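Engineer: Protein chains in written order, with our numbering: chain U, 1 to 279; chain F, 1001 to 1333.
Source of the hints: derived by calculation from the structure; they are not laboratory data. This one's a predicted model, so the numbers in the text were calculated from it and none came from an experiment. Please note that a few of the clues may not be correct.
Computed from the model, here is a short list of chain U residues facing chain F with C-beta under 10 Å [unchecked claim]:
1) Glu174
2) Glu176
3) Ala180
4) Gly183
5) Arg192
6) Ser197
7) Leu271
C-beta: ideal position from N, C-alpha, C; glycine also.
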Amino acid sequence: MTVALEGRPARSRPSLVNHDLTTASGIGLGVSMLWFSLLVLIPLTAVMVTASSGGWGEFWRSITNEQTAAAIRLTVTAAAAVTLANIVTGTAIAWVLVRDRFPGKGLLELVIDIPFALPTIVAGLVLVSLYGNDSPLGLHLANTEWSIYLAFLFVTLPFVVRMVQPVLEELDLEVEEAAASLGASRATIFRRVVLPSLAPAIAAGAALSFARAVGEYGSLVLLSGNLPFESEVTSVRILSAIENDNRAAATSIAAVLLVISLLVIVALDVLQRRVARRG
Amino acid sequence: MSIDVSGVNKRYGDFVALQDINLTLPTGQLTALLGPSGGGKTTLLRIIAGLETADSGSVVIEGVEATRLPVQKRNVGFVFQHYAAFKHLSVARNVAFGLEIRKKPKAEIRAKVDELLQLVHLDAFADRLPSQLSGGQRQRMALARALAIEPSVLLLDEPFGALDAKVRKELRDWLRRLHDEVHVTTVFVTHDQEEALEVADEIVVVNEGRVEQVGSPDQLYDEPANDFVMGFLGEVTTLGGVRLRPHDVEVATVPGSGSLPGTVTRALRVGFEVRVTVDVAGQDALATVVMTRTHARALRLEPGAAVWLTPADGATAVAGSRPARPAEEAVAG
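Could you put together the complete structure from these sequences and hints?
Structural biologist: Below, the structure is given as structure tokens:
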């Protein structure tokens, strides 16, 4: 803990921060705040306000509705599991891309981004044709909760990879050699020297991946079948609430997702700081 | 013998990094591997450490056959040019790293770390992060970290290369004193001949993947085995078919027996010394002479002055054997 206390003041020494903004930085700050408010703060506030318009009782009723609760449970569980999987596989893929040389590396580098580049509904179609009822692979995942996991895995794959890769490229190999000369095994070097440096990037990738999964719609809507209590996710549930003209219910679910995502981001940041400091 | 390298070869593709290296370094000695960049000295150091493997040949450390041992098992301390600090750990925990790996008791680690931080004068900085230290302090931390595991040999790769001239000189003196205190067999790589001459007990001159000469600083300076060693350890000029140090040329303003006549073309003052360039009759290359300012003034050495040059008595000289070497290089040193 002493490390943290020592480390802080150097980074934000208040006496050195210039509070007198120049015209250029004043305009810059103004534009950023306006942009941020218009696109993020006001809409988020609107969601919270609408969610609370019916009062606490109404809100609670909406989200504890059995079908809604099941959808929230499925979405959050699947998003969490997929994020955990991405932390491991994403870091491994980034490692292979940076540290190893093999034929087809350039191609893999390109393919990683496909889930980013593909319109999600196209991804949904691909998944249906591969794992749907007439699956050429013999895997019938349509209308099951596994279809949700699959779709989440597909669309969130690049996040951790792309966050970790540049950090890994910048890592100084000599630091690992120094650890080895001090007697550390490869596993120990990874755990105590490499991982602390990667932790912030992994956490950022994981947060993106979780948030993306929680809000995913296009890629899963075709394969999942949207069966209540089985394969219905919150985004689908929100849409049906809107279609039934129940905006309060829709925003209540949205508010729950918002809070969960915020909590996950905070938790990941706390965890990341702990890992980065441990070594 | 602490380090025994025999018959070591190393290639990178077509490039021969090391060619049949045989080297024996006694226990407790401070040795410099000196040579131009790309000459193979760092590769040799890394092979001794186990960070690189030789294509053939063997490395024995403290009587233990180490050729196939991974770096983790060799018990060597290694210090890198760019410190290789563990950025997320405090200075104390950086130093403790090797001991924690060895699962030493906490109290023992703390005592050892305190002792080492005192040795490298960083006891006041134990809780800082490496980013809060200066370059020289970081390198001292790296040294303490390497010494913590009580290595059988300490290997330093251009340890002062990233530091500015003043800090470099301080650390150099300090390394010499530290070695006299700790007595661990030490090998350091440098391309700075002054650093090697000043610090090392013994210098190994490495060039183009081969060992050119091994000897004490005096031996190397006074009895260079060849033209390369002579040229690398200090400035060289040519006089009458002989290559010698510019400060070993005597200048007279009257003819003497065996002296070569010439004309001063340039007299450049650098601090306390004057570098005089002389166009020697019957010689293509210009000769350079270095003397004190007082001496030059007494002789009135100005461009156009007629002078007679003789090699000083007992001057270190080698025959100008490499005709391929251009004359300009002799002048530029």
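Engineer: Each hint: holds or not?
Structural biologist: Hint check results:
no. : hint   : result
1   : Glu174 : 4 Å, holds
2   : Glu176 : 9 Å, holds
3   : Ala180 : 5 Å, holds
4   : Gly183 : 5 Å, holds
5   : Arg192 : 8 Å, holds
6   : Ser197 : 7 Å, holds
7   : Leu271 : 15 Å, violated
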